[in-house]
Each structure stands twice: as C-alpha cells, then as structure tokens.
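So the protein lines, in turn, are chains A and B.
According to this note's numbering, the residues represented by the first sequence are 1 to 191, in order.
According to this note's numbering, the residues represented by the second sequence are 1 to 293, in order.
Quick caveat, the hints were computed from the structure, so don't treat them as lab data.
Hints should not be assumed to be uniformly reliable.
Unchecked claim - Calculated cross-link-like contacts (lysine to aspartate or glutamate; reagent style DMTMM-like; alpha-carbon spacing at most 20 Å):
no., chain 1, residue 1, chain 2, residue 2
1, A, LYS176, B, GLU135
2, A, LYS176, B, GLU139
3, B, LYS224, A, GLU189
4, A, LYS144, A, GLU130
5, B, LYS136, A, GLU179
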Amino acid sequence: MLHKRTPHTGLLALAAFAVAGLFLLQTGLSVTALAASTANAVGVGVGVDPHAVPVPPPPFKDEDVFPCSECHDVEDEPDTTRRQLEMAHEEIVLEHDQENRWCLDCHDANNRDHLRRASGALIEFARSYELCGQCHGTKYRDWKAGVHGKRTGSWLGAKQYLLCVHCHDPHSPSFKPLEPLAAPMRPEEIR
Amino acid sequence: MSRDVTRRQFLCIVAGCAAAAATGCSDFTHTALFRDNFRDLSPAELKDILADLEKKHSATYGKQVTVGATPALDGVEFGYALDLSRCIGCRRCVRGCVEENNQSRDPQVQWIRVLEMDSEHGINLEHSDPYYDAEKVPEDGKFYMPIACQQCRNAPCVKSCPVGATWQEPDGIVVIDYDWCIGCRCCMASCPYGARHFNWGRPSIPADDMNPATHYLGNRPRPKGVVEKCTFCVQRVRKGLYPKCVEVCPVGARKFGNLLDPNSEIRYVLDNKRVVVLKSEQNTQPRFYYFFG
Ligand code: SF4
Ligand code: SF4
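Let's have the full structure, built from the sequences with the hints guiding it.
Have a look at this one:
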C-alpha cells in the first residue's frame, strides 16, 4: 500500500511542490534584489566579477563608429608607427599627455574592438574605467566609492554611475567650461 | 507661553469660547491660526491638517498636490559634503533647488548661494562675490563655494526662536513649522551662514512648475511672512533619494548620505579627505562639510 499513491495524495504532493517552488522563486528573487541593492550601496558589484560597477554603455559620439573592426580589418597589417593621422579620425586632437602617448597606447593594434592596458591585456570599452585607473589610481578609488564623479538615484539603494568618459573626453579630458545660470538679484532689486 | 496651554486653547479662550477650548474648537481647529505646533499634533489632527493642505494647494495650482509628513528614518543621521576642487560655479544646483523646493520666483528666494572667491586668497567670505556674471565658468584664478543651511548640530537658529517654530529632527535636519513661525526673524539674525530667507511678499510659483510632491516640514508652498531654508530636501531624502542639488550638479561635486553608515559615501569623504566646516569658531558644528577631492 505504501508505494501506491491515491490520486488525492498525488495532487497534494503536486500542490506542495508547486508552493515550495513558488516560495523558492520568491526567496530567490528577494535575495537577488537585496544583493543588488547592497552591491549598489557600497558602489561595487558582487557575484562573478568583484570589479564590475553598474555603469551605462560608453558614449560613442557617432553610433556607427563601433565596432571599430568594421573598418579596421584584422587581416590588414596595422601600421604601428607613431604619426599624424590623415585618412580618418583626423578630428581627434590628443590633449592627454600627448608628448608621451599616442593612439596605440590605449587602443589595441590587433584588436580594435578593445582597449589595452600598459601590460598588453585587453579591456572592453564598457570597462574603460580600468584603463583610466591604471594612471589615475586615487581618482579610480574615489570613483568606485561614489565620491569622484556624479551619482544619481538613491543614497540608500540603487545608484546610477557614469563612466569616466561621460564627463572627460579621453582624448582631451579637462572639463569644458559651462555658461553659468543667472546671478541672484541684489536685495535692492527685489520688490 | 508654555506649550501646556496650547495656542489653540489660548486663542479659543481669548475668543470667548472657553467651553470649546476644553473640547477642541470644532471648525477652527485645523486652520493655520488655531492649531498646535507640529510636534504636539495627534496623529488624527495631523492627518486632517495634511488633507486640508492638499485640498487647498491642489485647488490653487490646478494639480494633485500631496503633502506628506514622513518621519525620520531609524538609524539615520544625514551629512553632506561638497568638493571645492570640483565645483565650477555653474549655479545648476540653485535652479534645481528652487524648482524642487517651490521657492518663490517673485519676490526671488534662493536657498543656495554660490560664492566666487579668489584662489589666491583661499576661503575668505568677506571677499567673496555671489553676483559674478561670467560668460563661462570656472574662470581662471577663481573657485566657487555654494552655501546653504549647514544643518548645525548646535544650531543657533533653533535656540533663538522665541516660539519653538524651528527645531532639529532625529535625522539631523533642522526644520520649520511654517504655520507656527511668527515671522520675527530672530533665527535669521542668529544664523551665521545667511541660510534663512524671509518671505517679504506673497511667494509666487508658476502653477506649471510647482512641484506637487511636498512635505509638511519642507517644500510645501509657504505663506507670506514666514522664514524658510534648505532641509536637505526632506521630502526626497526620507524616501531614500538624493537631494535635488546632488542630482543636478553636472560635475558630481555634491555628496550626501548617512553619517551612521560606515560604508556610505559621506563617511568615505570624512575618513579619506581633508574636510573643513565653515566658521568652526562659532561652534555650530555643521553637518555640511567642504572637502578637496
Ligand atoms: S551645480 Fe555643482 S558645479 Fe554647479 S555651482 Fe552647484 S555645486 Fe557647483
Ligand atoms: S546654518 Fe543657519 S539655519 Fe541652518 S541650522 Fe545652522 S544656524 Fe540654523
């Protein structure tokens, strides 16, 4: 008898299974949500990649510019001699330690869809902050903590980050002056 | 007058309705003039008052206005830090604050004032200029210091108010009950930072631009003849949002958070940066810090 289940107990077991499943699903969801909010609260992502930060995609000026390999064919032997560009990208004026650096110090000659570290290791455009961070270590540390650069959202929950390059053009990183809004009225002008 | 005899009871007695005073003066109870100080209101009275205000402001501005009274969150003390090496003096925070907090456009009231100073002389309030009018900012040789209420721990404004219309909340925000303020401006005289502003005229806010999400102790429309000031956007921060000035600053110079949370941005600033408070010799103990990132 024990091994036989009446339809009734079978249904019960099924129901119990479904409830447990739902419960698990819900717990799973809330734990994920909690993890996400904790991660945001300290400004560093958790899980698979301890260095990932919730950032928007990189702000390419021209949507068609990426992927770079559309034009830069990997089959072509890249010309790695330092030179003034004439055929393309000539609008880019490097004002970022230009005496010591040029394109291929940050862009990888053999894999144009990636940036490269000084070590030669590849970095995705979406994580360009790692590239900036190798020279600007203290700023990188402050940025990860939410203190250098702009954060929006919630002081106790999810925040939106910006990449370094949202505010600093990587080829000319100094912040560009803005027009200020109107000065306040002087007391004698207020009626 | 001691708060044992409430203003409502006192006024009722003067008006000759002693019987009503003992039981509460029915219709008059919730009008601005006859009701109690915010801190003495029962939950039921508060609910009625908020509903009255919502009705009144919704009619005035032609949109659904909410007037909340969200209390301080447990375990939270707010702190603010502004990075003087980032601020470019663009005044976006001033506009954001005016719009968020329903400040009068005419006569002009602005809670944030951005001071321009000479890099050569460092922080020197006597030689600062709030009226700078440059084509582009930042200008060479200048730096900029926005100032609003410093939410002092030892707040002279609170001590100087003769009627208890302004006080410090458990989360550190110094607030004003606009319906209890008698407009004497003692607090303005005692505030060392010029952070308090008086409504000399009837405040005007264009209906389209009026922010309908308000808090009783924060950005609800104010009457003429009362004092107002920055509340760290009490209507936002008690819901977990950043103050508006943090959100609009284009350079990310403004940092805000819970001083009691060791992992907060504000604690990172205090732990890792050199910070200064304004006029420390006054012993006001501000919760607003300036730092050099
Ligand atoms: S918006 Fe930011 S940069 Fe502009 S004046 Fe205010 S604090 Fe300074
Ligand atoms: S800055 Fe002025 S208004 Fe603000 S708490 Fe201090 S004394 Fe009061």
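Right, here's what the structure says about each hint:
no. : hint                    : verdict
1   : LYS176(A) <-> GLU135(B) : holds, 13 Å
2   : LYS176(A) <-> GLU139(B) : holds, 11 Å
3   : LYS224(B) <-> GLU189(A) : holds, 19 Å
4   : LYS144(A) <-> GLU130(A) : holds, 11 Å
5   : LYS136(B) <-> GLU179(A) : holds, 4 Å
No hint from the list above goes unmet by this structure.
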